[in-house]
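Undergrad: Using the hints provided, position chain B with the ligands relative to the given structure of chain A.
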Amino acid sequence: MKEEDRLEEKNPIEGLLRMDRIPHIWCPGCGIGTVVTSFADALKKTDLDLDKVAVVSGIGCTGRVAGYIKLDSFHTTHGRAIPYATGLKLASPGTKVVVFSGDGDLTGIGGNHFIHAARRNMDLVVICVNNFNYAMTGGQVASTTPKTANASTAPYGNFEGAFSLPYLADAAGATYVARWTALHLRRVSKSIEEALNRKGFSFIEVITPCVTLYARRNRLGSGLNLLKYYYDKSEIRHGADTRDLEITFQGKLTVGKFIERERETFLDAMNSHLSHVLGDDYQLYGRCFDD
Amino acid sequence: MKKLKTDPKGVLTGSHYLDGDYALAEGALAAGCRFFAGYPITPSTETAERFSERIPYVGGVFIQMEDELASIAALIGAVWGGQKVMTVTSGPGFSLMMENLGLACMQETPLVIANVQRGGPSTGLPTMTGQQDMMQAKYGSHGDYEIIALSPDSPQECFDLAIEAFNLSETYRVPTLIMTDECVGHMHEKVVIPEADKIEVVERKWYTGPKGEYLPYKLDDDGIPFLTKVGQGHRFHTTGLTRDERGYPDLNAERQKIVVTHLIEKIRGNADKIIKLEEDQIENADVVVVSYGITSRVAVRAVQQAREAGLKVGTMRLITVWPFPEKRIKELAPHVKAFVVPELNYGQIVREVERSAWGKTKVVSVPHCAGWVHDPADILQAIKEAAK
Ligand SMILES: Cc1ncc(C[n+]2csc(CCOP(=O)(O)OP(=O)(O)O)c2C)c(N)n1
Ligand code: SF4
Ligand SMILES: [Mg+2]
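In the order they appear, the protein sequences are chains A and B.
Its first residue numbered 174, the first sequence is counted upward by one per residue in the working numbering.
Its first residue numbered 559, the second sequence is counted upward by one per residue in the working numbering.
Here chain A stands alone, though its shape is the one from the complex (with noise of 0.2 Å):
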């Protein structure tokens, strides 16, 4: 791991946070919070207006990052950011969507919305959080729970299997997948700036710590504990195949850009397909705003 990768202590960001609902409400050592200054600090970094930038969560200890963004931002259910985010991005094709959720909410009850946009390639960035477990609702199993695991509904341990979540990106025709861990700032930092620039559905994850939750119920130490775990367990290979990203417990965190390919995006497909099919008659939907 190179040096730029090592965690920064500066926190540059506060105009894009809402800086009269600081403090926060994580906990000391979580990792959300660095996934934050990344995306911050990806935000300052890209020529977007960032008038036109939109942050749509879940719920969740992750869910709460739409209510610190100082930018139009919406906090919505259990499950239902990606849905919320397409209607928000089809309604006003000009403004760049980001989605900020953990991974319960990304793709335990909200799974099937995960699979579809990106089936659709809808133009949205989406950072997930995977912390293994539930969070927010006190540290239960979770669908990207590694195998053996402690959670407070799994107390001996999990048996089901984890979604490895870029293979089930990649699957679904995500067009943008990156792994990173907490740990890596500017990585996660750049991978949002380039989900940022492009169109279609990206889709980053990044494992992050929860060290009251899932560090302490499987005894991993603290916080600083698990970054010496990123750093020692995680390898960077870039185009990897997706298929060989399963993460065991406290085993190898295979990380990088896996996927960046281009394809329609839904908006991009609905105008081609139907002015072709229709001609004239069509109304090209969106286009003064997107060009």
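Treat the hints loosely; a few may be bogus.
Beta-carbon label-pair distances, calculated as ranges [claimed, not checked]:
no.: 1; chain 1: A; residue 1: PRO201; chain 2: B; residue 2: LYS815; range: 30 to 40 Å
no.: 2; chain 1: B; residue 1: GLY767; chain 2: A; residue 2: ARG410; range: 48 to 58 Å
no.: 3; chain 1: B; residue 1: PRO752; chain 2: A; residue 2: LEU457; range: 24 to 34 Å
no.: 4; chain 1: A; residue 1: THR321; chain 2: B; residue 2: PRO679; range: 40 to 50 Å
no.: 5; chain 1: A; residue 1: LYS217; chain 2: B; residue 2: ALA811; range: 32 to 42 Å
Hints listed in this document are in silico derivations from the structure and should not be mistaken for laboratory results.
The beta-carbon is built from N, C-alpha and C at its ideal position, and this holds for glycine as well.
TA: The following block gives chain B with the ligands in isolation, referenced to the frame of chain A:
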């Protein structure tokens, strides 16, 4: 599919032979709805099909979502994207929408949902009529809230009330439901669509104040906050949590009281303005038949026969079912021998009539388990009994 001849605003002005489902779509388009997200379910699917056919010519989005949870979530998002929005469904889909109906109430997003009712519970009678979701419409989502619900009795009224539903939802920033049923949805009748500029359409009450100072839940003089859409530079926030004027979570009993009172009173306090009833021969009536939707058309026959038999029977058709016209029922109660309430369920709205009549008169339920409409003879029988 051929392009239909419409006026430049996309309104299908003229006289048509349409079913209720199509008429709902035409009404919504005439009201300026340009975003439809839905999931197919009998007997409502034709509305979605009509939208998918019409939208490409008028500049808007039709999207078939992966389920009804997604459909309503997309609508709420699309409201904040600046659109007028609609979906249609029936019982099972309506059930799936309930959680986010609450979110729409909490975030105060105007949207229209038509429920073309069929027989339940569960999958029930997919192709056969019912009016069994009337209480769910009002109480189906958790927590305390108010919605508006209208009940058309014909394809023409599907068209008219679709416009009315949009107007009410914009006026009060509240989800508005069109509680129709399979019979009306699939019935073909003449529908007259006026010229676009003869149609009264309420436009969204946009915030026009300084950039960055928008407060999504600050009440205007009329008690209804202004709306904005994304991308205006306000960098506003909204949530489903109990929130303050800024839309920021504010989790305590004092704020909860302010929010819940507002959500309820903005509807109850305006009930007189919202409620529409159609009354006939109410004065001097001994018995008043209270009904809505398809059942009011079936009741016509029974009422005619009762009148022919010399009984003094009035009718009250609930065009607005929620908020319930409790004041009017209460007013009439001391002057009539009975209210007779036929409906295609085991007795739902009759409880509201009972509550509103306050023990001042008899209230007779004419229940039906759904699947088909009443036999008018059953309603006639109830009227005769009640008149005794
Ligand atoms: C419909 C519904 N079911 C359950 C809940 C309770 N709930 C709130 S957050 C949450 C889990 C969140 O997990 P995740 O998305 O991974 O976010 P995290 O808290 O781990 O960041 C659950 C089950 C809810 N709010 N809504
Ligand atoms: S419970 Fe876990 S995820 Fe939630 S704030 Fe605390 S450390 Fe973070
Ligand atoms: Mg989680």
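Undergrad: Decide, hint by hint, whether the structure agrees.
TA: Structure-based check of all given hints:
A hinted range of 30 to 40 Å holds for the C-beta pair PRO201 of chain A and LYS815 of chain B, which are about 33 Å apart. For the pair GLY767 of chain B and ARG410 of chain A, the supplied restraint of 48 to 58 Å holds, since their beta-carbon distance comes to about 52 Å. Range check, PRO752 of chain B to LEU457 of chain A: about 28 Å between beta-carbon atoms, so the 24 to 34 Å window is met. The given range of 40 to 50 Å is respected by THR321 of chain A and PRO679 of chain B, whose C-beta atoms sit roughly 42 Å from each other.
Between LYS217 of chain A and ALA811 of chain B the CB atoms are about 40 Å apart, so this pair conforms to the stated range of 32 to 42 Å.
Consistency note: the structure conflicts with none of the earlier hints.
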